[in-house]
Amino acid sequence: MIFSLTIAQLFAQSTPRPPATSPQPIPLRQVSGVVKDSLDQTVIGATVTLTSTADTLKTSTNEDGIFIFKNVKSWVFKVQVTSLGHVSKVISGKYNDATARITLDPIILKNDEKVLSEVIVDGTPSIVYKTDTVEYRASDYVVRKGATVDELLQKMEGVQVGNDGSVTVNGTSVARARLNGKDIYGGDVATAVQNLPAEIVDKVQMVDDYGNTAARTGVKDGDPTKVLNITTRQDKSVGNMARLNAGLGTLDQYEGSANLTRINKNQTITVNTTLLKTPNGIAGQNASIGRLGGASNQGGRSGVSLGGGGGSATGGNNLRTAPAFTYRDKFGEKIDFLANYNFSYTDNTTQTISRSQAISTLGITNSDRDANFESNNKTHTIGFEIEYAIDSANYIQFSPNLSFVNSTSFNKSTNFQKGLINQDQINNNNNSSTRPNIGGTVAYQHIFKTPSRTFSAEATIRQQQNNNADEQLNLFNYRDVNQLFLGDSILNRLIDVNNLQNSARGSLTYTEPLGKLSRLEFNTNLENRSYDNSRLTSDIEANGNLSLLDTFSNVFNYSFTQYRNSINYKYGNNSTLFNFSLGVTSVNTSLVASSTSVASRIDRQNFRFIPIARVQLRLSSTHRVSLNYSGRAIEPLFNQIQPVKDVSNPQNAIVGNPDLKVAFAHSVNAQYSNYIANSRINYELRLNSSFTENQVVNNVVEIRDPSAFGIFKNETRFVNLQGNNSTIGDYSISKQLSDRRYNLRFFGNIINSNRASMSNNQINSSKTWGFKQSFGPRMTPKPWFDINPFVSYDYNKIDFSLARSRDIVQKIWALSVDGNIYFAKNYQFGYAISKNYVSGISNNITNNPLIINTMLQMRVFKNKGSLQLRAYDLLNQNNFINRTQNDLGFTETLTNPNSRYVMLNLSMNLQKWTGAVGNNNRPLIRRGDGSFMN
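Going by our numbering, the sequence shown opens with residue 1, and the numbers climb by one from there.
Hints in this document: simulated from the structure, not taken from any laboratory.
Just so it is clear, the structure is predicted and the values come from calculations on it, not from any experiment.
Listed below are the simulated DSS-like cross-link pairs for lysine-lysine, each with C-alpha atoms no more than 27 angstroms apart in a straight line:
hint	residue 1	residue 2
1	K713	K418
2	K94	K449
3	K226	K182
4	K782	K862
5	K36	K110
6	K825	K145
Sequences are here, hints too, so could you generate the full structure?
Have a look at this one:
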């Protein structure tokens, strides 16, 4: 044995070991980096030169300060950076000859004092236009110390912030809020802009978001949503914040909120909640906790709504609370994690007084309605987002989410009708419903070694169930045309509705490069939505037993399937003059439905080609023109195609039409944007035109009911009609003066739309013309004084084709001014005054109301807190008629005259911020959305 071991050891020593293998050198590589100044701002337009024994290459930095050299031959090179107003810098070194992509550390340029003493250097414009993104540099907009993001946004061109924290950009509402590329506070815009401090903001990005699929693949489908993304300053990307508010009012209301936020580069932890009890319909109800809010008559496009403003309820109380939690973090180098939880509770009692008019080919019915409504709603929402970078070429994302809604309501109303229909109603409704919803998305992407060649796949499944029980007790008194009593009746029913919706969607995308700037995209998308519906209607007998009414009950199932295949040629990037996508999509739709209650079956197929057209002319980083087309299929709703009568509302039965076709909507959007940096002028022009084929419209038919002494009752039926279209043009011109202390803004729009509906099988066309012109400067002539006047003129004209319809012409002059006066170091006086001149609504209670709201605030606790006294509607004039117009009539609702009250609020603001440091103390590297790469 010893001999054998000795021989084995000698053999092992004598056998040569294979040499260790090392990566082989590669012939070409990519070199990239970012250029910044001493204040950590990216430098745009810097000249970058790379030289070596085999290379002489030159480029310039883009809007993010990034430069890229492709096909670099040598792995030993030097890079020289020059920029006006900065000292040139040269770096050199030897790098790994087997690395295909070399990312240099950030190159920091120092200011050239000689040049700065002679000229004013502003290397980065305040506004930069990128593909699908408008970016504002926050440091160019001056706000007071302690300001929040909403105050910063108010200074930016084209941005408006509502009293409730809602944000619009050139007339388009912002749907979600993100911090450094990821949702914060569950994406709630108001919570984000009213809590995050302005001092931590580096850039504000307004993004046209086409969804996660488009972000990964570049394949854009449908219309985008507007997203606000806030990127943090490098020296304030780590910190803690606590905002606390509590208040009491003279109308038995109270308010409170707490917001706790922890930010550490990519890590975000937030806990926030609100608790409010307010009377309904009072002035300032939509103002956020602890805020006076600006004047309330500044927003919206012409033609969106009619009326004099104010609230929409005549009494009652609203109690609501909304705690939420968000956790975002990065685990290791490969896993990004995001979790959101939101709970919403509302307890609402409402009293409404309204008057309505219904117009048909047979006559006009006038109604006076008094209603008391109680509701209780609880909503839980949970969402996760897990991203796993398997390696540099493979990426996977999993996004599960679920929600549960539980609601109950009670409605008691009286309704007196005269005209074509003559009857009195006393209605009592009890309703309860539950809506569980669960779903998830899995996405995968593979990047090939060939640049720009990618493959991605995505699958989404979702299930939503709606269980609804509605108990109705309705009493009717019938009268003839002379208002003489004919008789009465009683209706006591229970309607159980169960709706189960299952949806699944899958897509595959492959991108093949054709050149440095061009590529072909292939996409296939299959989507199916199936609905299992059960509606059981029963009479409630005197002893409480249920008697099923087969005639008004139905079990109805249907599914809608859409199969899309597209091929798309794309050219350009953020640096090219042209950036366009041209292609074609084939759309195959299938609508299949069947009923077990009645012998009916639907099976309809449709096939069409639609173009892909997205063109952008990028004249510079601040000057662009774009044109987009989108098209989508719209399947009919359940109640529109069910083959039996729905009598949930006994005065307006719903009769579905199984022969309805799938509608298809077309939309074309054009936009021109130009920011002239030296003059600080920003122009925005937008045009949207849309039309819908086979639009599903209502056909309201009046039928005499023999069981109700021949009184007319409505039936709503559905048909496909052509002719629905709209064209909207918007413009916005902003001019900054005197180091941005004055911001002059002119904006307005014009709208032309045509809608079709039917009355007793006769088409009723409504044509709307409207325009709105506004001037809203924001001025800070002195550090202690800011003032924001506003004036607008809104004109609306609606013409109806029905002979009995009354055409509408409404004109509104809206005047307002709000602002603040800061005095005695720790004191602030705020004011918001508005006055409307309304014509076209004869019943307006106060045609020319003057609304005055004021606020007095004192800074306490070493400027870490404030004590605030707010007074609303000092003259007690905030009472209006609000009109809601439809194709066949209108409803006018009185607002609450109890609008004068006082609110006392105490708030605390505690925060501390420090700078972020790269891993292993290396210079920080960030993506364009602000997220940190190290």
